[in-house]
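Student: What follows is each chain in one-letter form.
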Amino acid sequence: MPDSPLLDLHRVRIRHEGATRATPDGVTLSISAGEVVLLLGPSGCGKSTLALALDGLVPHAVPAELEGTVRVAGLDTRDHGVGVLSEHVAMVFQDPDAQVVTGTLLDEVAFGPENQLVPVDEVLARAERALKLVGLWERRDENPDRLSGGGRQRLTIACALAMAAPVLVLDEPTANLDPAGIDEVYAVLRELASERDHAIVLIEHNLDAAVGIVDRVVVLDADGHVTIDGPAQQVLRDRAEDLLALGVWLPVSTLAAMRLRDAGVTLDPLPITPAELAAALDAQPTLPAPLSGAGATQAGEPAIRVRGLSVRRGGRRGPVVVHDVDLDVVRGEFVAIVGTNGAGKTSLLQAIAGVIPPPVGAVDVLGLDPARADARTLSSRIGFVFQNPEHQFVAHSVFGELELGLRVHGVPEADRSEAALRLLRRFGLEDLREQHPFLLSGGQKRRLSVGTALIAGAPVLALDEPTFGQDREHAAELLDMLRELNDEGTTVLVITHDLQLVADYATRVVVMQDGRILGAGPTAEVLAGPLIDEAGLRHPPLARATRGLANHPDWHGVSRMSQLPPPAEAAA
Amino acid sequence: MRAPTASEAAPTGPVPTPARPPRPRPDPFAEQRPARGIRFLHALNPLAKLAGPLPFMIALVFTRGFAIPIAFIVLVMALLFVGARLTSRGALALVLGTPIAVLVLGVTFGVWVDPSRIDEASAAASVVVVEIGEWQFTLAAYLVGLATSLRLAALLLLSLIAGLTSTGPEFVRAMVQNLRVPYRIGYTALAALRFVPRFGHELEVIRAAHRVRGTDTRRGPIAAVRRGIGYSIPLLASAIRHAERVALAMDARAFGAHATRTERILSPWRVRDTAFVVAFWAVGAGVYAVALQLGVTS
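Residue numbers (the UniProt record's numbering), protein chains in the order written: chain A, 1 to 572; chain B, 1 to 298.
FYI, nobody ran anything at the bench for these hints, they're computed from the structure.
Built from N, CA and C at the ideal position, the CB exists for glycine as well.
Treat the hints loosely; a few may be bogus.
Here are some of the chain A residues that sit facing chain B, going by a computed Cβ distance under 8 Å [as the list claims (entries may be wrong)]:
1. Asn115
2. Pro119
3. Val123
4. Phe438
5. Thr452
Here are the in silico distance ranges between beta carbons for each label pair [claimed, not checked]:
6. Gly410(A) / Pro182(B): 57 to 63 Å
7. Gly361(A) / Leu193(B): 39 to 45 Å
8. Ala93(B) / Gly300(A): 57 to 63 Å
A few chain B positions that, by computed beta-carbon distances, are all more than 12 Å from chain A [to be verified]:
9. Leu50
10. Val82
11. Ser88
12. Leu94
13. Leu105
14. Val225
15. Val296
Please model the complete structure; the sequences and the hints are all you need to start from.
Tutor: Following this line, the structure appears as structure tokens:
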């Protein structure tokens, strides 16, 4: 039905209450039945706001000013409430925890249709169909809390399907999930996309996952204007440079191919999946030799020594979540700890940093046993950064946050101000020194939380999933900062799910499973070896492309962008 | 698609915990198994289980003496033992815990009792149990305290008739369907119940995060209050954000769009509910009548 679009947007401008400019700004767009549309754009361009406007949450539930018109199945969203529009557009949001209302899976899926006054028989029929489609029908009597993150997000997709709306809008549905959860959700989305019963509007930063199912890409620029609107393959292949310039993250395979092109290896057309990249590389008669991965293991003074560490959670009778772990970290290393959910990564890192007390004698951080040291002494050796930076803020201003850290460590008042200002300049926060920490932007909060962990001069920094729920741009910004610190000599330990980030930044990888260390080694070796598969993880996209190359065996170990041949002029 | 295994059941939520406690905790949302045999309390409408005891809960507040509270305690215990599914631990706590709590609380209340309420002429007033300097704790004071704690125990047990045998969703359904409470209020309350464990967990994380900063190691109640205020800011910020997200998600699913909603599970008021309420009132009134007759209410 191309002549009667399901969604019809005309010059849509949305200004949030209190915001100075409108994002999105002047979006004209129509979406027909069966289309799968990927909405891209740099952070802050108004993608999520636009998603909220598609079912009337803007302007009805969110305080924002809507100009232009949004028509849903011909209905002007201004004149119809969210309840009416929900029969035409169903939503899935980022955080699965914030979408569960009831006590069982069945009740949850029935919740929407019940609100729509659908008769009981039809409610049950819809619930069964939706739960079966996402593979959760067998668990319908369970509490949603018992599902994994991926399972809960599949549940919210089932809830959206049960609304029987022809349009499905998903706003970053996998941003809070681990790789296994992302796979689960995309398995469901792939099936939905292939059925063509729904128009799907998808906002997603993880292009490597999304690229396989979308057939149209709409790109907003930083000002919230539509700059590109076209078939997915064509846009990603032909406008890759433009997308990159806009600050949109591309599939890793495309980025790799663009880098190779600079090095004189032209892959045409540009690959957008690891399989395409592998095929294009194999089709090349010759390839320049890749650079080696990071150098050999760093020798040097040990920073952290762990011997026979076991950790229980929840008191003396709680379950053992870390079993008999030995680990050595050398000064100046950038160590990534990876593993599936429940592998014990967080418990290990928290025990090392003394957040939960380890057994006496099991851990040594620069000559200090966290089991015996008080928080003050410990924080001058190792700084711990929690997932949510807000959790760590204790003062009423950015400056106060750092000043307080120095005061605790007995720095004389005269020196505090200067030291705090130095660190603020270092993290680009000097203009915000009087701001309340909670009023900073997400990236600024993250930088401040790293700053507070380092203010006491800790030479070791431990971070627990600092990239969780962030888009690739912010994740890369943070990791660039960590790399800078690492280059200056700080030892960095980080937990993350994003193996491409691990590949590109870490010097060493520790792979955990079921509370034990499965293995550890230099990043390139671990990513080329069998450990990743054994731990139930998935190889990062670049490694997936190079592992199976038939004609270029010397490329098998290539997993990080920096291993690709350098641009031609630099090589010459 | 692969089915999630048990090891994946750990949350991916924004809280850095490796796994939920493995012990199955009571689930306030779970539906009850159908009542079997004589466990009739589970099959009653939750409102009946509230309406039966309610008049006596009010009356007990104004009741003196031992006889009536004891009579209700015994009656309710018998009712719970017959009509409710109790775990062996729960039953033990009921039988042993109640008298111990009553006796101990009696001391606490007795210490605080207003001396003018004690009849100086009675025999018990001259029996001194403990004496510290000028201050005397007499048997009479203890008896007054004991009466108070008995009343409290009776009140608590009466509320347990509904509390032990109904689930949260059952209550909400009964309120909405039988009492005509707007469903928006009932189901919002139910959704809010899900916040409690989440915030408990988040508070734990915030405390750990603040401890790591090493900023406040002082001891004592004032420092504790100060720390508490420190925790409340990030907790509130995240609570408000979470509540906003939940509200948006509920709006998007047509919550509140219509004046009523489809009720998939009905909460009927049956003859047996009326019978339970009438019978409970009759027995309760009988207890009061007999007690008044015998003059044991003072």
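Student: All hints, please: hold or fail.
Tutor: Structure-based check of all given hints:
Using the Cβ-Cβ criterion of 8 Å, the hint placing Asn115(A) at the interface with chain B is satisfied: the shortest such distance is roughly 4 Å. Given hint, Pro119(A) at the interface with chain B, holds; its Cβ is 7 Å from that chain's nearest Cβ, closer than 8 Å. Annotation: interface hint on Val123(A) holds; nearest CB of chain B at approximately 6 Å, less than 8 Å. Here the hint on Phe438(A) is kept, as its CB sits about 6 Å from the closest CB of chain B, short of 8 Å.
With a least beta-carbon distance of about 7 Å to chain B, the hint placing Thr452(A) at the interface is held under the 8 Å criterion. Under the hint 57 to 63 Å, the C-beta atoms of Gly410(A) and Pro182(B), about 59 Å apart, fit the expected range. Restraint check, Gly361(A) to Leu193(B): a C-beta distance of roughly 44 Å satisfies the suggested window 39 to 45 Å. Checked against the hint of 57 to 63 Å, the pair Ala93(B) and Gly300(A) passes, with Cβ atoms roughly 60 Å apart.
At roughly 21 Å from the closest C-beta of chain A, the C-beta of Leu50(B) stays outside 12 Å, upholding its exclusion from the interface. For Val82(B), the shortest C-beta to C-beta distance to chain A comes to about 28 Å, beyond the 12 Å cut-off, and the non-interface label holds. The claim that Ser88(B) lies off the interface holds: its Cβ sits roughly 20 Å from the closest Cβ of chain A, which is beyond the 12 Å cut-off. For Leu94(B), the condition that its CB be more than 12 Å from all CB atoms of chain A holds, with the nearest at approximately 25 Å.
Leu105(B), annotated as away from the interface, keeps every beta carbon of chain A farther than 12 Å; the closest lies near 29 Å. Every C-beta of chain A lies more than 12 Å from that of Val225(B), the closest at about 15 Å, which supports listing it as non-interface. With a cut of 12 Å on Cβ distances, Val296(B) stays outside the contact zone with chain A, its closest approach being about 46 Å.
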